[in-house]
Amino acid sequence: MEPSKSILLVEDDLNDIELTLTALGEYNLVNEVVVVRDGVEALDYLYRRGKFEQRSSEYPIVILLDLKMPKLDGVQVLQQVKADQQLRLIPIVVLTSSRESRDLEECYQLGVNAYVVKPVRLAEFIEAIRQIGVFWMLINEPPNIV
Amino acid sequence: MKEIDRRNDNLNQDWQRVDARILGQLLVAQNILFVLPDEARIAEFFSEALSKVPGVTSCSVCLGGMLVPAVVDREACSGCLALQSKEGGMWAIPSSFSCNWADRQRLRVISLNTAENNFGFFIFRTDSNDTFEPYWPFLNNLANYVALSLENRVQKLLLERTRDELEDKVKKRTEELRQMNERFSLATRAARLGVWDWDLQKNKLIWDDRMYELYGVKREDFAGAYEAWLQGVHPDDRAYSDEISKQARRGERPYNTEFRVVWPDNSIHYLKAYGQFVRDENGQPIRMIGINYDITERKQMVEALAAQEREFRTLAENSPDNIIRYDVNCRAVYVNPTLEKTLGSPVSEMLGTTPVESALIDEPEKYQAKIANVFKTGIDGEMDIVLPDRGEGVRYHNIRFVAERGVDGAITGVQAIGRDVTERKQAEAEIQEMNRELEKRVAERTSQLEAANKELEAFAYSVSHDLRAPLRHIDGFLELLQKRAAEKLDARSQHYMNTISDAAKRMGVLIDDLLAFSRMGRCEMAKKPIELSVLVQEIIQEYEPETQGRLIHWHITDLPTVIGDYAMLRAALTNLIANALKFTRQRQPTEIEIGCLPNQHTETIIFIRDNGVGFDMTYADKLFGVFQRLHRADEFEGSGIGLASVRQIINRHGGRTWAEGEVNKGAVFYFSLPQTIQEV
Chain A
757 MEPSKSILLV EDDLNDIELT LTALGEYNLV NEVVVVRDGV EALDYLYRRG KFEQRSSEYP
817 IVILLDLKMP KLDGVQVLQQ VKADQQLRLI PIVVLTSSRE SRDLEECYQL GVNAYVVKPV
877 RLAEFIEAIR QIGVFWMLIN EPPNIV
Chain B
-7 MKEIDRRNDN LNQDWQRVDA RILGQLLVAQ NILFVLPDEA RIAEFFSEAL SKVPGVTSCS
53 VCLGGMLVPA VVDREACSGC LALQSKEGGM WAIPSSFSCN WADRQRLRVI SLNTAENNFG
113 FFIFRTDSND TFEPYWPFLN NLANYVALSL ENRVQKLLLE RTRDELEDKV KKRTEELRQM
173 NERFSLATRA ARLGVWDWDL QKNKLIWDDR MYELYGVKRE DFAGAYEAWL QGVHPDDRAY
233 SDEISKQARR GERPYNTEFR VVWPDNSIHY LKAYGQFVRD ENGQPIRMIG INYDITERKQ
293 MVEALAAQER EFRTLAENSP DNIIRYDVNC RAVYVNPTLE KTLGSPVSEM LGTTPVESAL
353 IDEPEKYQAK IANVFKTGID GEMDIVLPDR GEGVRYHNIR FVAERGVDGA ITGVQAIGRD
413 VTERKQAEAE IQEMNRELEK RVAERTSQLE AANKELEAFA YSVSHDLRAP LRHIDGFLEL
473 LQKRAAEKLD ARSQHYMNTI SDAAKRMGVL IDDLLAFSRM GRCEMAKKPI ELSVLVQEII
533 QEYEPETQGR LIHWHITDLP TVIGDYAMLR AALTNLIANA LKFTRQRQPT EIEIGCLPNQ
593 HTETIIFIRD NGVGFDMTYA DKLFGVFQRL HRADEFEGSG IGLASVRQII NRHGGRTWAE
653 GEVNKGAVFY FSLPQTIQEV
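Going line by line, the protein sequences match chains A and B.
So this note's numbering is basically just the index in the first sequence, starting at one, shifted up by 756.
Mapping to this note's numbering: the second sequence position 461 is 453, numbers consecutive.
Worth double-checking, as some hints may not be accurate.
Quick look at which bits of chain A chain B covers, simulated, 3 or more residues with Cβ under 8 angstroms [said to hold, decoys possible]: (1) 796 to 805; (2) 849 to 861.
In silico lysine-lysine, DSS-like type, Cα no more than 25 angstroms apart, as pairs [said to hold, decoys possible]: (3) B:Lys264 with B:Lys291; (4) B:Lys358 with B:Lys333; (5) B:Lys497 with A:Lys824; (6) A:Lys824 with B:Lys446; (7) B:Lys196 with B:Lys210; (8) B:Lys574 with B:Lys614; (9) A:Lys827 with B:Lys358; (10) B:Lys497 with B:Lys475; (11) B:Lys368 with B:Lys358.
No lab work stands behind these hints, which were simulated from the structure alone.
Idealized CB from N, CA, C, for every residue including glycine.
Isolated chain A (complex conformation):
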């Protein structure tokens, strides 16, 4: 069966969700973008629990992860996912406003697959999202997660 090629977008800010979805929509790169609003939801989704108990068993092909979120923040999500034998295989791209060196270092220590600072100019932002989409959807060969 052809994988569903879904993207998991973990983002609390509605403006950012809108801009990101706009950018992704411009290129029609994905079948499905699943949006969750904080770290807890993200883990619920990945572990198929709570309201995501009934979701299909497919894992997202890539996770776009914001760092500053209420409840469980991005770094904590990253930490838990990368600590899981199975989930750690899912590529994670951190998508954030900040280029704080502290964050950068921590994320790479935890095994992030990419770290992208959201550009201020919309054109640049759209271009960045396009490149992420192209790379992870078309160029990158995803792992087989059972």
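Fit chain B to the supplied structure of chain A, relying on the hints for placement.
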């Protein structure tokens, strides 16, 4: 004796019968006796003469046991015959005579005797006793005569020898005396001793040259009598000097004294005198011999030492320090009045006691151990002691223990010198208390600062995330709006949209600068040597694209190598150079000078001078503040963070920042960096 007399008579009678020839020979022999040097030849001579006596076949003269074999058969002369002399002494007779009995009958022996000595024998062998007999008394007399002559000779020799020995002895003694005299004279001269000799009977006092020197008088001015000597003695010393002399004369004491003499020039000299009496058989002194020598120098030295001792004592007595001297048994042998006052205990009670015995201080055992240690090791010691409270509070004293050494370097005593250090102790305690307080405050302040720093960090972090997101959204949605509605908007609406977009962008820059500034204050520094001239050139090159078309004269003098954090100093210099370029934009040509102030010993001072718009010195203080600007944004763009960053960076390096300027006359920006030892 009768026998001899008879023989002599016979001899006299016999003279007529004796062959004159033989007689002559024998008379010659008598003289020979005194002429011939040795007994062997005498004996030989006589035996030859005697053998010519009628009836004698051979004759041997034996002198002092010596046989003269010239007349006897040599072969027969081996072995001896014991022969009894008339006096009963045994003599060895040459064996040539010891033949048979018949021969013995013909042997005649005459001893050469005197009352003292036996000198030998005449031994004859006769062939005819009858012919020989008349000569018998004559030969006996001759034997006597020879013996006497020999005796005489022996005595003479003995006398001569004794005389020689005596002469030798006298000569030797004389030499010894001479040498002794010389040595004595050398010794007296070396010791500069004056020697005197007093004849008591004639009251004549004889001095040697040195004596005159010692009394400072000339030989012709000295009367040479006891009274004359006494006259030279210092008036105060005369009476006892005379008394000592009289006592010595009576044998009550040895003459050994000191006195002063007054020279004619009135100078006073100290003399020491020794003397010895020579007494007659009745024990009456007849003569006195003695010496004088000068002890002025020694006296003066002793006097000087005493004076020095007095001076030191005065010093110790009046010293504000407490002074005690201890002997090897740690007993006090001297206590100065200051200590007496300090302890409130009389000197007499402390003298002769050890610190432990007198127990006037706390922990006297420890104190005494310190003294003992100085005696043991020779190393000076020190300790602080506590004096018991005597109504004015506890007093602290600092005591130093110092070794006193004798001439041979051995430690003869220990001085304990004490000083009240209560005030110092209190000040020390206060300082310590203040230090503790200060440390506490520093610790508090540090933790406050740490907390503030953490807060600042958290603040910067959230600024970085949360302030930027809305900006992105403003810009993002503005663009989306423009895409959708551009055609429908009029010029004014379009201008509003552009203004919103510019404002958002400016805010983005401000946020980025502010974050950079905040980072600059927090980040770790990695110091290393930096060649400023290289760094400045790199920065200038970086700005080349921006300054295309401008005429800029760079004046860059020799810049030193400094120690600092490369990234931070680069940021600071970049800011300053960018400022210089920015505020000279309208100057053609632009002059920018970067240099180092000469002869700064403790710090390196770098300056950047430009011919730009300058500034009003009234606002010089505001220049380095965050968000402080002296120009409007539409004149010169900027966030107001740059110079604040420079100051922050230089401060963190321990340096200073300041500026000088005048409106439209350019500006000079200075920063200093401390010079450290590591500096190249």
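Hint by hint, here is what the structure shows:
With a threshold of 8 angstroms between beta carbons, the proposed coverage of the stretch 796 to 805 of chain A by chain B is violated, since 0 of its residues qualify and at least three are required. Chain B is given as covering the stretch 849 to 861 of chain A, and this holds because 6 residues of the stretch bring a CB closer than 8 angstroms to a CB of that chain, at least three being needed. About 11 angstroms separates the Cα atoms of Lys264 (chain B) and Lys291 (chain B), which keeps this hinted pair within 25 angstroms; it holds. For the suggested pair Lys358 (chain B) and Lys333 (chain B), the alpha carbons sit about 23 angstroms apart, so the restraint of at most 25 angstroms is met.
For the hint linking Lys497 (chain B) to Lys824 (chain A), the alpha-carbon distance of about 22 angstroms falls within 25 angstroms, and the restraint holds. Taken as a hint, the Lys824 (chain A) and Lys446 (chain B) pair is honoured in the structure, with Cα atoms around 18 angstroms apart against an allowance of 25 angstroms. Restraint check for Lys196 (chain B) and Lys210 (chain B): satisfied, since their Cα atoms lie roughly 17 angstroms apart, inside the 25 angstroms limit. In summary, the hint linking Lys574 (chain B) to Lys614 (chain B) is supported, as the alpha carbons are separated by about 18 angstroms, within the 25 angstroms threshold.
Under the criterion of a C-alpha separation no larger than 25 angstroms, the hint pairing Lys827 (chain A) with Lys358 (chain B) is inconsistent with the structure, at around 71 angstroms. Restraint check for Lys497 (chain B) and Lys475 (chain B): satisfied, since their Cα atoms lie roughly 19 angstroms apart, inside the 25 angstroms limit. Restraint check for Lys368 (chain B) and Lys358 (chain B): the C-alpha separation of about 15 angstroms stays at or below 25 angstroms, so the hint holds.
Going through the hint list in order, the structure does not satisfy hints 1 and 9.
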